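2 protein chains.
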Amino acid sequence: MIATTPKPPYYAVIFSSEVNQELEGYKEMSQQMVDLVKTQPGYLGHESAREELGITVSYWDSLDSIKKWKAVSEHLQAQKFGREKWYRAYKTRICLVERDYGFDSGLF
Amino acid sequence: MIATTPKPPYYAVIFSSEVNQELEGYKEMSQQMVDLVKTQPGYLGHESAREELGITVSYWDSLDSIKKWKAVSEHLQAQKFGREKWYRAYKTRICLVERDYGFDSGLF
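Protein sequences, first through last, are from chains A and B.
Our numbering applies: residue 1096 is where the first sequence begins, and numbers increase by one.
Our numbering applies: residue 1096 is where the second sequence begins, and numbers increase by one.
I should point out that these hints are in silico values taken from the structure, not numbers from a laboratory.
If you're wondering where the values come from, they're calculated on a predicted model, not measured in any experiment.
All clues stand as given, with none of them false.
A pair counts as met if it fits within one copy or between any two copies, since identical chains are not told apart.
List of simulated lysine-lysine pairs, DSSO-like, C-alpha gap at most 27 Å: (1) K1175 - K1102; (2) K1163 - K1102; (3) K1186 - K1133; (4) K1165 - K1175.
Here chain A stands alone, though its shape is the one from the complex (with noise of 0.2 Å):
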């Protein structure tokens, strides 16, 4: 779902990945972070996807929120798990949000 976020500005923490071919806890990892950003304070909301690349974007009232995230006892093993088992490559990029505009045919 697209992720429904407050009027700009606001942050989104862009993470890029590349996964190798064994992924083994993987999976429950990911939910379990998935779970545990809900219950971060400052977290807006977040999308994700993935085909041979996969995105994951995560939307934060502040720059401070996401360094409070960064730090989260189980998010820091989780990021040391990424780099020593399931990550080929990936990049983290932290932007402002400046502006946003979108359609919905209401359909839903």
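Here the structure of chain A is known, so what remains is to put chain B in place on it, guided by the hints.
Below, chain B without anything else, positioned relative to chain A:
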């Protein structure tokens, strides 16, 4: 592939979309737009993935380049078809990338 982008600041356009079941012509038009966007002044790269939700992030050197790409005639036509035929909903977010960091296992 993760896009190779210059040192921040630069811009990102996050395009999140939900498509209809009937997608005649969509794949061809998407490929045309990928070919076309790569030729645009100020284009730095893009990343794309789709499951239920589609996320395409394109990277740009300036707001002016983003504005000009939005107004390219073939792209305007694609946007029109998108609203009329293919997309159930979409959201476009214009962002300033303030910081980025990454990891590459070096195995590829």
